Structure formats: structure tokens, C-alpha cells
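J.: Since the structure of chain A is provided, determine the placement of chain B on it from the hints.
The residues making up each chain are set out below.
There are 2 protein chains.
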Amino acid sequence: MSELIIVPISGLVSIFVSLYLFFYLSKQEKGSQKMIDIAKAIKTGANTYLKRQNTTLAIFALVLSVIIGFFLDWQVAVAYIFGTICTTIASFFGMAAALRANLITANSAQKNLGSAFKTAFYGGAVMGLSIVGMALLGISVLYYIFGPQKLDIILGFSFGASALALFAKAGGGIYTKTADIAADLVGKVELEIPEDDPRNPAVIADNVGDNVGDVAGMGADLIDSYIACIIAAMILGAAINIHFLLLPLLIGAIGLIASLVGIFFIKSKGQNPGAALNKGTFLTCFFFAILMFLLIYYLKLGGAGWKVFYAALAGLAAGVTIGITTDYFTSIDKNPVLRIAESSKTGEATNILSGFSYGLVSILPPVIGICAAILVSYYFAGVYGVAIAAVGMLSIVGMIISSDAYGPIVDNAKGIAEQSGLGEKVIKITDRLDAAGNTAKAITKGFAIGAAALTVLSLFAAYAKLTGIKTLNLMEPNVIVGVFLGSIAPPFLSALLILGVQRNAGRMIEEVRRQFKEIPGLLERKEKPDYARCVDIATKGALSELVLPSVLAIIFPLTTGFLLGNHALAGFLGGSIFSGIIFALLMANSGGAWDNAKKYIEEGKLGGKGSAAHKAAIIGDTVGDPFKDTAGPTINTLITVMSLAATIFAPLILKWTLFK
Amino acid sequence: MSELIIVPISGLVSIFVSLYLFFYLSKQEKGSQKMIDIAKAIKTGANTYLKRQNTTLAIFALVLSVIIGFFLDWQVAVAYIFGTICTTIASFFGMAAALRANLITANSAQKNLGSAFKTAFYGGAVMGLSIVGMALLGISVLYYIFGPQKLDIILGFSFGASALALFAKAGGGIYTKTADIAADLVGKVELEIPEDDPRNPAVIADNVGDNVGDVAGMGADLIDSYIACIIAAMILGAAINIHFLLLPLLIGAIGLIASLVGIFFIKSKGQNPGAALNKGTFLTCFFFAILMFLLIYYLKLGGAGWKVFYAALAGLAAGVTIGITTDYFTSIDKNPVLRIAESSKTGEATNILSGFSYGLVSILPPVIGICAAILVSYYFAGVYGVAIAAVGMLSIVGMIISSDAYGPIVDNAKGIAEQSGLGEKVIKITDRLDAAGNTAKAITKGFAIGAAALTVLSLFAAYAKLTGIKTLNLMEPNVIVGVFLGSIAPPFLSALLILGVQRNAGRMIEEVRRQFKEIPGLLERKEKPDYARCVDIATKGALSELVLPSVLAIIFPLTTGFLLGNHALAGFLGGSIFSGIIFALLMANSGGAWDNAKKYIEEGKLGGKGSAAHKAAIIGDTVGDPFKDTAGPTINTLITVMSLAATIFAPLILKWTLFK
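First to last, the sequence lines map onto chains A and B. Residues in the first sequence are numbered from 6 upward in steps of one, following my numbering. Residues in the second sequence are numbered from 6 upward in steps of one, following my numbering.
One thing to keep in mind: the hints can contain errors.
One copy or two, either will do: identical chains are not told apart, so a pair holds if it fits within one copy or between any two.
Claimed, not checked - Only pairs whose alpha carbons sit at most 20 Å apart, straight line, appear in this in silico EDC-like list of lysine to aspartate or glutamate:
1. K475 - E608
2. K312 - D535
3. K614 - E197
4. K614 - D201
5. K620 - E195
6. K531 - D201
7. K531 - E197
8. K350 - E515
9. K614 - E347
10. K610 - E347
11. K350 - E516
12. K339 - E529
13. K660 - E197
14. K312 - E481
15. K48 - E34
16. K272 - D436
In short, the hints are calculated from the structure, not lab data. Owing to the predicted nature of the structure, the values given are computational and were not obtained by experimental measurement.
Isolated chain A, as found in the complex (with noise of 0.2 Å):
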């Protein structure tokens, strides 16, 4: 099919608009000496960080390279590492734009509002761009090479991603975390100062980390699910013939135009970012939805076509939905938030089983959505009709990644203000930017999880189809039992993440509190705090804790299917998902929940800043910290890398089962 040579050219394209774009900033103005310095300390302490991640990670993809090679396949075991190195790579370079773009905006925000998001939205497409189009040009070369026989060369190739995807969110998730409890309870709790406060040794750590999490995570967020959906789409594509083996590439490509345009029409003169982004995002769906029903024309691929056209609609319109009903739970201004923030008046326990009840509630709507969207689009084109939803949800993910990554910048960029004293102007500029950042995000994770689950189980009937399996029948204890392991090991793997933080957030809470007694002056501003001393706990913590959860991902579902056989398996990935889903919908919602409940009361509602609700609210969001920067988000690829391992390494699995 020689259509598919848009798949590298809009690759190459995009990685080029990148360029452009990391060139655009590199060229822009800096500001004072003051954030130049403040800037690089954070450059410097994300870089430490990066490096170390990578030389782990390095070690565990040639670890996990070898066991493939000598165990499956030695082509597989490359197309790992390649796949590691691509998406390393692309994300490497997008968090170098993002540190560049932090400094910019916060320098732009001295000017007017326009030119600063445009900076920021500018360095968020930088990494959206290049971690795609990475991933597209990735995809295509191996196909070219190896042909429509070797797919499980692309799987490799995915697995690696979800290499990179795990330790990105798991790492950084854990570091940004760390660093932000330890600020917050010794700064704001115990001494009163405010927030991003130079005293605070913690200060530069937390900046740190808001990059190494949100930036890296958020490109990392989506990526492992978009690989993962689109060879899943090609397995099952396979079976039906060649047009639809190729057909998930080529919506890829076109989804990867339609976000191109979509950021080159994003524009904010005026003085609404917020709605700035969510008209990006409508107009991708536009541009998509045209070029889609034109591709489908020009193949000529008949009635079939169509139906695959309406199920890739049907998985892109339930992502949308997904992402404004979960916005709903979220958001400052409705029901749920409100009741939270109310329920603070008495105290931090209300506050808690409040946030983790609506928490609960919130898990039902976008279920619901991921339901219809797997009725219609199974309705219209089978178990390929699921797959080509998921991909449809997560196609404009270009754009998805840059709205995303605009987020942590600005908020970088108001640190930047705050610590260098820019005055009220500005940071009320970065505050209007860092509020439509917000927005932005809460749409955007329900849509992850969303297109996770859709992904998952699209992997999960392409393990079925490639280890033979045609029933699973959940009347089988052999498959109960699987389903019931997998659904545990989401809730196990959580928290080991969770008490990961915690642990590494006491040592730093410790070290804060150290400097604070032992530096005199520190308080009076006299002395400045020993930065990387916090930055260093950070970074060596957030290593040594992501380790096991990573490994345990691999040994659960293969150590399931070594004892128990490829049924238990392939249950064991149902459960993994049903569990999976929950406690990501759980942990995403009642962590934003908190979070602007904790917000609604420093607007000055219910005795606003200082008040006993106040109190109760800080709380909350710093149980909700982890919750929705550490595991939930985590979860999304743990149960991604669970079902690649399994469907990596199903070979072996169909030969060597212990209890049949």
C-alpha cells in the first residue's frame, strides 16, 4: 500500500516542527540574572535526575533485551531497545524545551498575557510533537524493513516505550511527590511560609520535580498507550487482510496532521487561555474527523471501511465525553468540590472520606462511557472495531501531550516569578495561565484512562488471538483465579508507589527541617538553604523506590501464566484492567478533587486561608498528592507493560505451563 508512506513522512514532519519550535524558544529572551540563575538551578537538579533515570533504565532494558533475545527472539530484544531509545530520546528533548520555555514565559508574562502562553503552549508542543512523531517514524521503519509477517517485532519495539513510559511516571512520580509533601508540610504547615518560597530548601526539588513528573510523565502518560493501541490494531487487522492490517498507521498519521494544525491554529490574544486550548483540542477533532472520512473515500475500502470509520469516530467522541464528565468531579466550581470543601468545617477526617467517597462516585460515569464505547464500536467492526476505537480516542494524542505539557510550564514559569519577585502583575498572569493549565488537565487524564482501557483491551483480544485462545470462560477456576490475581495487582502495585513516596518524603521532611534548625538565619533570609542536598534525596529515592513495582509488572502476569497456563493469563489481564480502571479513575478524581477543594477555601471561602478548613483541605490534597501524580497515573501503563509482557512472552508461556 503506498499510502503508508505518510505514516514516516508525517513522522519526519513533525519532528521537524519540534525542531522549529525548540529553536523558536532557544532564540527568545531570558530575562533578569536572578531567573537565569533560578532557571538553571532547576535545569541542573532535572538534569542530575534524567540522567540517573536513564542509566537505570539503560540497565533494565538490557537486562529485559537479553532475556528476550536468548529466550524468544534477538530481533525482538532490538526493537526493545529501539523503542526505548526512540521514546527516550523524543522525551529527553521535549524536557529540555519545557526548562527553556519556563524561563521564557515567565520573562513573556512581564510583557502581556498572549505572548506567554504562546511561549508555554509553544515548549508543551515541543515535546507533544517530537515524542509522536518519534513514535510514528519508529512504527514505520521497522515495518518497512521486517514486513506485515513480523509484527511482533513492533510489539517489541512498544514494549520498549512502556520501558520508558513506567520509569518516566513511576520515577518522576514519585520524585515530584517527594519533593512536594516534604515543601509543603515543613513550609507551608509547620512554618507558615508560603508557597514556592526561596527559604525552603525543599523549593528547588519541588520545582524540579513538577518538571521530571508532570513534563516527562505527561509525555510518557500517552505515548505507551498509542504505540500499544496502534500494533494492537494491526494484530487484529492482520487476521482480517493487509488494508486493515495498515489502516491503525495511517489514522496515526492523519491524527498526528490534524493535531499539527490544530496547535498552529491555537491562539490567545484575547484573554481566555483556558478556552484557547479546549478550541485546539475541538479543532483537532474536526481536522480529524474530515481527514478521516477522506482517507476512507480515497481507499475505497467499502462498506467495511465505513464501519471502521465509525468506530474510530465512536472511540474519539466517548474520549471527549470521558474527559468532560470527569472534569465535572474535578472542577472547582461543582457539586463535588464544593461538598468537599464543606465537609472541611469538621475537620480532616470528613475531609478525607468525603474526597475518597466522591472519589468512588466518579469511577461510575466514565465507566459508562468506556462501556458504550465498546458496545458500538464492537457493534460496528467486531474485537478490530475496539482496537480502532482506542486508536481513534488516542489519535490527536499530539495535541493531547502539548495541552498537557503546557501545564507544568506555566506552573514553572509562576515559580520562577514568585522566587525572583516579579511582582503582582505577573504572577496574577501566570496564575490566569496556570488555571486553564488545570482545566486542561483534568480533561485529559479521564481521556488517558479512557484510551488506556480501550488499549488494554485491545491487547488483551490481541494476546487471545495470538496465543489461540477463542473462549475464556470465566466458569473456569483456572481463569476466576487469574482474573482474580490480576485484579489485585493493580491495588499492590499502587501501594508499593504510594508508600514509596512516603517513605522518601520522610527523609526529605527531615533534611528540611535540619537545615531550618541548624543554618541560622536561614528564617531571616540571611543564609540561603543547601538546595541539593533535598534535590539529591530526591533523585536517589525516587530510583531505588521504582525498581520493584517495575519488576513485579513483569513477574506478575508471567509467573501467573508460567504456574497456571495462558487462560489464567489472559484472565489475569481482564483483571488487571477492571481493577485498574477503578482505582486510576479513584486515585486521578479524588486527588483533583481535593486539590481545588483545598483551592475554593484559599479563594477565601469558609474562612479562607489560615482557617481550621483550611487546615483540614491541606490535608486532603496532600493525600490526594500521590494518589494523583504517583499511582494513578502509574497505573495506566502498569497494566499496559502487564499485557505486553504477557503477550511478549506468550511463546513461552503456551510451552512451558507448570499446571496445565
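T.: Chain B in isolation, oriented as in the chain A frame:
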């Protein structure tokens, strides 16, 4: 089978023994007038609540029975009402005994530990023996009347019993935690007066709550699983032959006999009531094994009989193992509780995070235990074996409920002793009795969840048998959607219960604060508080908050069935089991661990009472209250009710499905 006569006989004997114990308790000394007055206030409050609860239950049951009669079968409708009435009478009688035992135990504690232990345990045994006796008697009467062809009538009886269970657990759970949270938050936290202080207007409501929530709730906790697993095993056994149909009833009978023997072996002349309770449980298990061996030997069922024997023992062994491992996560001297207590030093947020995380980790061992029980019992006797494992696990339920109900009785005795000022020595004795109750409670909680899991799996198999489902293919979209919907039901309904507790506690907090403000001299003990107002708030609130979750527990599965068909409904039941077990364990164990972390600090560790760590631990304990005493235990019943509703209405669902 003439041996069947031992079933009603053992039921009758058990009821007679419980009557004997009741009159034995009635003849004991009651103590001073002050003690009698306090006990009377508790009794009045409890009876008021129970009468209103039973009125609401009667309306609920009547409406449902008319629906069952009109759409299905009037005989089933009558059996449904009969099931509700039998269990309600037994539960009411057990409560009456417990209310007497509270007072007598407080009085006996003035003599010595041994006699106080005896009265408390006998008080609990009335509940255990009367409710299990009634259950076996009711089932066997229905079987004698309708014979083996109309097992759906016994199913109706089971559904009726589960209606009481749901009301007792949800309503009692909301009641007790409403009062507990309000009494603690205003009394202990705001005014810093001790627990059970007579100046606190919520104190009587709190004591009433211990009775209606814990005693009545505990009785209901296991009885619905017990009846349901017997009928599920009968339905599955019917497919083999009449002997296997009746075996579950006979196992129930010998389990009850073993419990009777175990109960009369329990003595605590020495100083260790905890060891006495555990010894009673192990002795009961031992007697059960011997009697079961003799039964199988006598029935001459051949190899198949012995396989059933192994399955039953596997269930019992799994139950005990699950109980013991669960105990690890909530014991005051084990690692998880110590870590949670330690984390209280860095504040409320870290206390909450670590309690929640260890709660998640605690899911692992019991689920592995459940999986092992499934695999082993299935290996011996197929699906029937799994049901028999549940029957085996629950066979000793008479003993389990007795030691469960012992806990709240000594808790109340302690309350009476404190309020009537019986002095340090007596309080110490009640403290020792109380600690033993907590250990027994922890073990039986794990037991209850394990038993519920196997029971609901058996009901799931019985549902499949009745609706003719041989394969439930997890690759089909309607099954996947069913599992998704089923898996969100338990968290959603839990959220409603927790929010109910919170709303209700909010009302009572306002009332308690109002009384302290408006009644002059209350804090100086010159005036008495208005206890009745708080009792009234708890009563009304509990009843109004329990209706929605109870109704939804029936509507959710039926809607899924009528919309998407019986395969989707089977998937729904599966999903509700998987996530139900996860949330039940999470809530029970994190709640128990928070409670003991607080107690550990109150023992003088980590700064002791009044320290910052203690304050943080109190918040954790309060968050854990509705987890472990409202939502957690109700989940077991919710999933049983959902499965029974599906099985009862299966004939209608087979007829009317919107999208096939």
C-alpha cells in the same frame, strides 16, 4: 434420606440452648441502680431503633415479595417473607440477650474476670445459636414441605434473610458510626473529655450503636452467606444426585453440633480470655472434622464422598488461614500497625497514606488463600466442590458469631462500668476482656470476607446452572461490559454508605455542639445532656440513608440483565465479586490498622496521648470507622444480595432482554 432429620433437630436443640442461656442470664445479678439506669437508656434506644428498622424492613420486604409473587411465584414470595421473619426474630432475640449481658458483665467484672467472661460469651452465644438454629430449621421445614423439585423456594428464603442482613449491616453500620464519629470529634478532639464520658450528649447513642451495629450487624454478617452457600451447594448438588443435594444441609447440622460442643468447652478460669476464644474456635474445627469424617463414612458415598470431605476441609482450612493472615495486618504488635503509628509522627496525611497503602497490601494474602481454596476444592469435586468449600468454611458459623458478638458486649460493659464509676480495677478487667474481643473480631472478619467470596462464587455457579450458561466468554463484549459494570457497583455503593455516615454525623455534631453551648453547666457536670435527641438523629438518619443503597443493590444487576441479557448479568456478578472482595478487605483492614495504630500510641508510645502523633492517629481512626464498620462489612452482603436477586429473577431476565 432419613438422616436429614438431624438438621431440624440440631436447629431446635440450638434454639433451646439459646433460650436456656437467655434465662440463665436473666437470673444473674444486675448491679447498682445507676448501672441499671444506664443499661435501660441503652436498651430503650436500641429497641426504638430496631423497631423502626424492622418497620422499614417490613415495608421493603412486602413490596419486594409482591413483585416476586406477581412476576414469578407466590410460593417464593412467601418463602422470602418467611426468611426475613425467621432471621429478624432470631436477631431481635439475640439483641435482647446482648443488652442484658452488657449489664451483667459489667456487674460480674466487679467479682472476677472469669465470671465476667462467661456472661459476656454466653450473651454472644444466644445470638449465634438462635440465628443459626433458626436458619437450619427454616430451610429444613421448607425442604420437608416442598421437596427437592422446588429449590427456588429455599432460594427465596435465602433472599429474605439477606434483606435483613443488608438492613442490619447498612443501617446498624451507619447508626453506630454516626454516633461514634460525632461523640469522638466533639468530645475527644474539640473538648478533650474522655471516651464514654456521661457529659457527652452522644454517649448513649454511641452505646446503642455498639449494640445495633455490632451485635445485630455481626449476627447478620455471616448468616446471609451461610444460608446462601447452603442453597447454592444444594442447587449444584441437585445436578449430581439427591445425596449431594442434601449433603450441604447435613454439613450445616454437624457444624452446628460442633459449635455447640465448642461453646461449652470455652472456659476462662485462668487469665487469658483471648486464648480461650481461640481455643473454642480450634476445638470446634476439630470436632467438625471428626463429625464430618463420621458422616461421610456413615453415608457410604464412596470416593465422591471423600472428595467432598476434602473440599469441605479445604474451605475450613482456608477460612482459618485467611483469618490469621488478615490478623497480621491489624495486630497492634505487628509491622503494618507499627509503621502506621510511626508515620503519624509526620502528621495526618502520612498516617492516612500509610494506613490506606497497608490496606491495599493486605488484600494480597487472603485473595491468594481464596484462590487456593478454589483450585483445591475444584480439583476434588468441581464447581460443587467450591460450594462445599464455602459450606465447610461457614459450618462453624455458630461458634464464629458467638465469639463475634462477645466483642461488643464487653465493649458495652466497659462503657457502663465507666459511666457508673465502678473504679480502675473493674475497668482493667473489662479492658482485658475487650482486647480479647478485638483479636477474635479481626480473625472472624477475614473469615467472613473469605466465606462471602466463596459463597458468591457458588451463587454465580448456581445462577449459571439455572440459566443454562455453560461458557461465559470473557472475549464477548456484553460479558466484558457486564464485568465492568459489576465491578463498579461495590465501590459506588460503599461511597453512598460512607457519605450517608458523614451527612448523618454532620447533623449529630451540630447537635452535640449546640447542647454544650446552650445547656449551662453541662461541662461542669451540673446539668445532664439530652441523650434522646442524639439517639433520634442517629435513628432517623440511619434509616433514611440505608434505603438507596439497598434498593440499588437490586436495581443494578437487574437493569444490566434486562438491558444486555443473562450473559452480561453473569459477568456483572463476576465483576461484583472481584471488586467487592478487594474493597471489603481494603476497608476492613485499613480501618482495623488505623484503630490499633491509635491504640498503640495511646499506650504511651511515640509521645502518647495528647501528642501530635496521637492527634494524627485519631484522624486515621475516624476515617477508618465507616470503612471497617459501615461500608466494609456491608459489601459482603451487597454482593450476596446482588447474586441472589439475579438468581431469583433469572426466569424473567431470560424472557425479557432489550438488546440480545
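J.: Enumerate the violated hints, using their earlier numbering and listing them in ascending order.
T.: Going through the list in order, the structure violates hints 1, 2, 12, 13 and respects the others.
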